[in-house]
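Student: Residues per chain, in single letters:
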Amino acid sequence: MAEASGAVALPGMEVRQLERNLYEVYIGPAHPGSGHMRIIVRVEGDVMVEVDPDIGFVHRTMEKLSEGRDWMKNIPLFERMAILDACNVTLPYVEAVEKLLDVDPPERAKYLRTLLCEINRVASHLYGFGIFGVFLGHSTLYMWAFGDREIFVELAEKLTGARLTHSYPMFGGVRRDMPDDFGKHVRKATAYMRRRLDEYAKIFLNNPNIRSRLEGVGVIPKGRAVEMGLAGPNVRASGVKYDVRLAEPYEAYDRVDFEIPVYEEGDSLARAWQRVDEMRQSLSIMEQAVDWLEKHPREGFIHEKFWKTAPPIYKQVYAGAVPYAGKYRVKMIPLYASLRVPAGRSFARVESGRGEITYYVESDGKDTPYRVRVVSGSFRNVIAFKYAMPGHRLADLPAIYGSFDYFPPEWDR
Amino acid sequence: MVTAYVIWYDFLRYLIFYPPVYQFIIIPGLIAALVVAVFIIWFERKAAARVQMRYGPYEISPRTGGATQLIADLIRYSFQEIIVPRTVDAAIYFAAPVAAVILSLMPLNAIPLTSNPAFWPIPMDYSLLVAVALTTLSPIFVIVMAWASNNKFSLIGGVRESFIVTAYELVAVLSMLSVAASMSTFNLVDIVEAQSGGLWYGLLNPPAFLAAFIATLMTTSGFPFEIPDAESEIVAGPYTEYSGLMYGLDMGAAYIKRWVFSVLMALVFLGGWAPYVPGTGFVLGYLVPSLIVSAKALVIMAVMSFLRAVYGRYRIDQALGVAWEILIPLAMAAFGVGLAEAYFHVYAHLGVMAVAG
Amino acid sequence: MSTSAQGIVDRLKSALGEGISVEQLKGYLELQVDPGRLVDVARRLKESGFDHVKSVTAVDYPAKKQIKVIYHVSSMLDEELARYVVGLATSVDRDDPVVPSLVGVWLSAEFHEREVYEYFGVRFDGHPDLRPLLLTPDLAAQKILRKDFKVVEEDDYLKLTFEEYTSTKRWV
Numbered sequence: 001m002a003e004a005s006g007a008v009a010l011p012g013m014e015v016r017q018l019e020r021n022l023y024e025v026y027i028g029p030a031h032p033g034s035g036h037m038r039i040i041v042r043v044e045g046d047v048m049v050e051v052d053p054d055i056g057f058v059h060r061t062m063e064k065l066s067e068g069r070d071w072m073k074n075i076p077l078f079e080r081m082a083i084l085d086a087c088n089v090t091l092p093y094v095e096a097v098e099k100l101l102d103v104d105p106p107e108r109a110k111y112l113r114t115l116l117c118e119i120n121r122v123a124s125h126l127y128g129f130g131i132f133g134v135f136l137g138h139s140t141l142y143m144w145a146f147g148d149r150e151i152f153v154e155l156a157e158k159l160t161g162a163r164l165t166h167s168y169p170m171f172g173g174v175r176r177d178m179p180d181d182f183g184k185h186v187r188k189a190t191a192y193m194r195r196r197l198d199e200y201a202k203i204f205l206n207n208p209n210i211r212s213r214l215e216g217v218g219v220i221p222k223g224r225a226v227e228m229g230l231a232g233p234n235v236r237a238s239g240v241k242y243d244v245r246l247a248e249p250y251e252a253y254d255r256v257d258f259e260i261p262v263y264e265e266g267d268s269l270a271r272a273w274q275r276v277d278e279m280r281q282s283l284s285i286m287e288q289a290v291d292w293l294e295k296h297p298r299e300g301f302i303h304e305k306f307w308k309t310a311p312p313i314y315k316q317v318y319a320g321a322v323p324y325a326g327k328y329r330v331k332m333i334p335l336y337a338s339l340r341v342p343a344g345r346s347f348a349r350v351e352s353g354r355g356e357i358t359y360y361v362e363s364d365g366k367d368t369p370y371r372v373r374v375v376s377g378s379f380r381n382v383i384a385f386k387y388a389m390p391g392h393r394l395a396d397l398p399a400i401y402g403s404f405d406y407f408p409p410e411w412d413r
Numbered sequence: 414m415v416t417a418y419v420i421w422y423d424f425l426r427y428l429i430f431y432p433p434v435y436q437f438i439i440i441p442g443l444i445a446a447l448v449v450a451v452f453i454i455w456f457e458r459k460a461a462a463r464v465q466m467r468y469g470p471y472e473i474s475p476r477t478g479g480a481t482q483l484i485a486d487l488i489r490y491s492f493q494e495i496i497v498p499r500t501v502d503a504a505i506y507f508a509a510p511v512a513a514v515i516l517s518l519m520p521l522n523a524i525p526l527t528s529n530p531a532f533w534p535i536p537m538d539y540s541l542l543v544a545v546a547l548t549t550l551s552p553i554f555v556i557v558m559a560w561a562s563n564n565k566f567s568l569i570g571g572v573r574e575s576f577i578v579t580a581y582e583l584v585a586v587l588s589m590l591s592v593a594a595s596m597s598t599f600n601l602v603d604i605v606e607a608q609s610g611g612l613w614y615g616l617l618n619p620p621a622f623l624a625a626f627i628a629t630l631m632t633t634s635g636f637p638f639e640i641p642d643a644e645s646e647i648v649a650g651p652y653t654e655y656s657g658l659m660y661g662l663d664m665g666a667a668y669i670k671r672w673v674f675s676v677l678m679a680l681v682f683l684g685g686w687a688p689y690v691p692g693t694g695f696v697l698g699y700l701v702p703s704l705i706v707s708a709k710a711l712v713i714m715a716v717m718s719f720l721r722a723v724y725g726r727y728r729i730d731q732a733l734g735v736a737w738e739i740l741i742p743l744a745m746a747a748f749g750v751g752l753a754e755a756y757f758h759v760y761a762h763l764g765v766m767a768v769a770g
Numbered sequence: 771m772s773t774s775a776q777g778i779v780d781r782l783k784s785a786l787g788e789g790i791s792v793e794q795l796k797g798y799l800e801l802q803v804d805p806g807r808l809v810d811v812a813r814r815l816k817e818s819g820f821d822h823v824k825s826v827t828a829v830d831y832p833a834k835k836q837i838k839v840i841y842h843v844s845s846m847l848d849e850e851l852a853r854y855v856v857g858l859a860t861s862v863d864r865d866d867p868v869v870p871s872l873v874g875v876w877l878s879a880e881f882h883e884r885e886v887y888e889y890f891g892v893r894f895d896g897h898p899d900l901r902p903l904l905l906t907p908d909l910a911a912q913k914i915l916r917k918d919f920k921v922v923e924e925d926d927y928l929k930l931t932f933e934e935y936t937s938t939k940r941w942v
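Residue numbers (the numbering used here), protein chains in the order written: chain A, 1 to 413; chain B, 414 to 770; chain C, 771 to 942.
These are calculated hints, taken from the structure and not from any lab test. There could be a bad hint or two in this list.
[Said to hold, decoys possible] Calculated lysine-lysine pairs in the DSSO-like style (CA-CA distance at most 27 Å, straight line):
{"#": "1", "chain 1": "C", "residue 1": "Lys834", "chain 2": "C", "residue 2": "Lys913"}
{"#": "2", "chain 1": "C", "residue 1": "Lys913", "chain 2": "A", "residue 2": "Lys64"}
{"#": "3", "chain 1": "A", "residue 1": "Lys64", "chain 2": "C", "residue 2": "Lys835"}
{"#": "4", "chain 1": "C", "residue 1": "Lys816", "chain 2": "A", "residue 2": "Lys366"}
{"#": "5", "chain 1": "C", "residue 1": "Lys917", "chain 2": "A", "residue 2": "Lys73"}
{"#": "6", "chain 1": "A", "residue 1": "Lys158", "chain 2": "A", "residue 2": "Lys73"}
{"#": "7", "chain 1": "C", "residue 1": "Lys834", "chain 2": "C", "residue 2": "Lys796"}
{"#": "8", "chain 1": "A", "residue 1": "Lys295", "chain 2": "A", "residue 2": "Lys188"}
[Said to hold, decoys possible] Per the computed footprint, the stretches of chain B lying under chain A, defined by three or more beta-carbons under 8 Å from a beta-carbon of chain A, are:
{"#": "9", "region": "464-475"}
{"#": "10", "region": "557-570"}
{"#": "11", "region": "635-649"}
{"#": "12", "region": "727-739"}
Yeah, the Cβ is synthetic: ideal placement off N, Cα and C, and Gly gets one too.
Isolated chain A (complex conformation):
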């Protein structure tokens, strides 16, 4: 069908011979449902026989850029991978560097990080949910999820001062302490969100129309999911009980009480339910973290090694001795300008909203990293498009790749 006979040749047009009866469709990059990616699909009739995810349209070569920046300045850089999941995305980098520095953040900082991670996770899942709704033509879910995500974005703003790119975790601690009335806002938000999740189930997940689209679509059995090395909620929806928070607890996750929901079905519907259940767990973790933070006195949110170099005014503000609106809340501390990290290699992983995110950091003792390797959960899920989609109908394509909570800037890096 792609033979050039009689067709108009346009500049830049590439003509290739296809197998007989195959029809090649380019979904993306300028396509209403694709986002910043392209999926090259070869269909036979209405059934996909070959799927080639062609990614990289928002690639920024972060790994190279990071080699030319100070250790500290890489945090805002890596955050740009997934601005809606900013804390989760930068946390493993911070942890890896902390391992090299041999610095363990104070307990309070760990809880603050946990709190923001879970706020981010809920916001990120809601974002994915909204996009998923659009893919299935369900505009109501899209609006609901994006509207409710706003609550968590604003929570993050109250905590950090920025809606999306908060650059919150820093080497040895976090950037700011929590405001006084934050617990009230968190509890209000969690109560509201629990109620809303039931309504989501009513209009979307239990909607017969949506169920018939998702049930038994894009099934990935347990063994296959492990073989493809999927990450995050997608692998848990296939029945694998693997979560970094469980396998190698970081921050305060070994002290909060939560469950890892697991679904056995491995289809698109299970992946959607998986996210709903994870949101419920996140809400509970948020409440526990904020309870802990309210009960315990403000005893430093950053490691002593860095805090002792802070100017006295910072310490006065944090002690509450300076009457100003942001009581207790020291802002950005410029203590890292000449930070040199001892030579060494380290590896850290964190469970982000879209799956496990890992950093390999190598330092040669200079003020910039020698090599940083990032692999995000989204990137590990891309392979599923190639292997899970063939055999389904073209109309199932959005139902499958929406269910993986795709996010091109994160996998392109």
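Chain A is fixed; fit chains B and C onto it per the hints.
Tutor: Just chains B and C, lined up with the frame of chain A:
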């Protein structure tokens, strides 16, 4: 004596208010359909916005709820640049949307909007059959559009449209014609008059109404059957390569089709101008009943539009499954119910039998 | 962690046989093997429960004229092994880097290896579909993550001629 007055009078009487022209152009034809489309799109956006916790169109004229936004959109569509890709088959590319609009308006010329024979566009003896037959003409031009566009997404959309057409047409025809079985007439005037007692056919034979309703949703790619132009899968389906006014025509054809089916359903299932008895003269005998029919049709359209806020879209094979495995048996059952009603003379027993002979 | 980490080191040593150094680093254990033994060691790792690849990294050492390729593997199904990450590292010549592909062992390495290929020009022998993944072919040909590729910052000032402007571009 031929005065300007006489010329204008004749012009209006024999050209504009001549029923075949009037019904085609004004009510319930092109102009009414345009007004309805504007209103329904506004309603659709407002209703969906209410469900989705937002305002919808608002900023232009907040007092009317942003109603003039749609007028602005209409003007924008009309004056947008029409971009014609180099690879299309130009003649057919332009002719198909126009033909689709014209042909989807055709059934409106086969329906009565009053019982006064002076205002019938055609003799009404077989009007239901003619109207239903005419509704089946326009879908072919959607497929033609898709073919002329020479685009992969268009082509897939066209194929989907053709699948949907074959699936819904039998349902629509069977469910509409079950009323003919029940009342042993094809005359839409008689059908409406039979329902004038308040016992609408939609109440007497709900499966037929349901099947016709769903078939209409399928034919006009309304949710949950928005399959031929599913945005996240195949961009805009058959309309992918159209822009500006041409795209407006495509969308207009779909809305007109839905409007035509709604008017037909209002006549067949919701009693047409039923509580009202058309009088004589243009206003009482034609305008008022036609507005009643339009209002009923508008309600049907509004319900259809509201489904957008509730449903996603089905996959093509699921939609076809719904059509062939559920709707066609349902339409058959409705036809059977109609035959049974005819056998037991339900309308005659209720004393509202208006059918002569 | 240290005692059980010692346990995992012993377990690895017994599974892989002698002649493999296990180095305990921050956050993972590194095994250094020759490229020739890579597939064999990978198979043994997989048999002992390491079922997926988390990331494939390459590090460029211009001074040593070497490129080190590291496969970070771990387990999902084995809860004990899931707590550890093992880096399977091998060093190859920088001028002609060829590494046997591990896609046959771990399917999950497929896209990671394509990425390393385009960044460093490391060829993976036996990879089923070795094409650039994220970059355009022009950019991939420059092996951008090697240390001798310098990132040119964009000039603050407008280039006066189009030729001058386009000459600063690294892609077409």
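Student: Against each hint, give a clear statement of whether it holds in the structure.
Tutor: Comparing the hints with the structure gives:
| no. | hint | verdict |
| --- | --- | --- |
| 1 | C:Lys834 x C:Lys913 | 18 Å, holds |
| 2 | C:Lys913 x A:Lys64 | 11 Å, holds |
| 3 | A:Lys64 x C:Lys835 | 19 Å, holds |
| 4 | C:Lys816 x A:Lys366 | 36 Å, violated |
| 5 | C:Lys917 x A:Lys73 | 20 Å, holds |
| 6 | A:Lys158 x A:Lys73 | 23 Å, holds |
| 7 | C:Lys834 x C:Lys796 | 23 Å, holds |
| 8 | A:Lys295 x A:Lys188 | 18 Å, holds |
| 9 | 464-475 | holds (count 4) |
| 10 | 557-570 | holds (count 3) |
| 11 | 635-649 | holds (count 10) |
| 12 | 727-739 | holds (count 5) |
When held up to the earlier numbered hints, the structure conflicts with hint 4 and nothing else.
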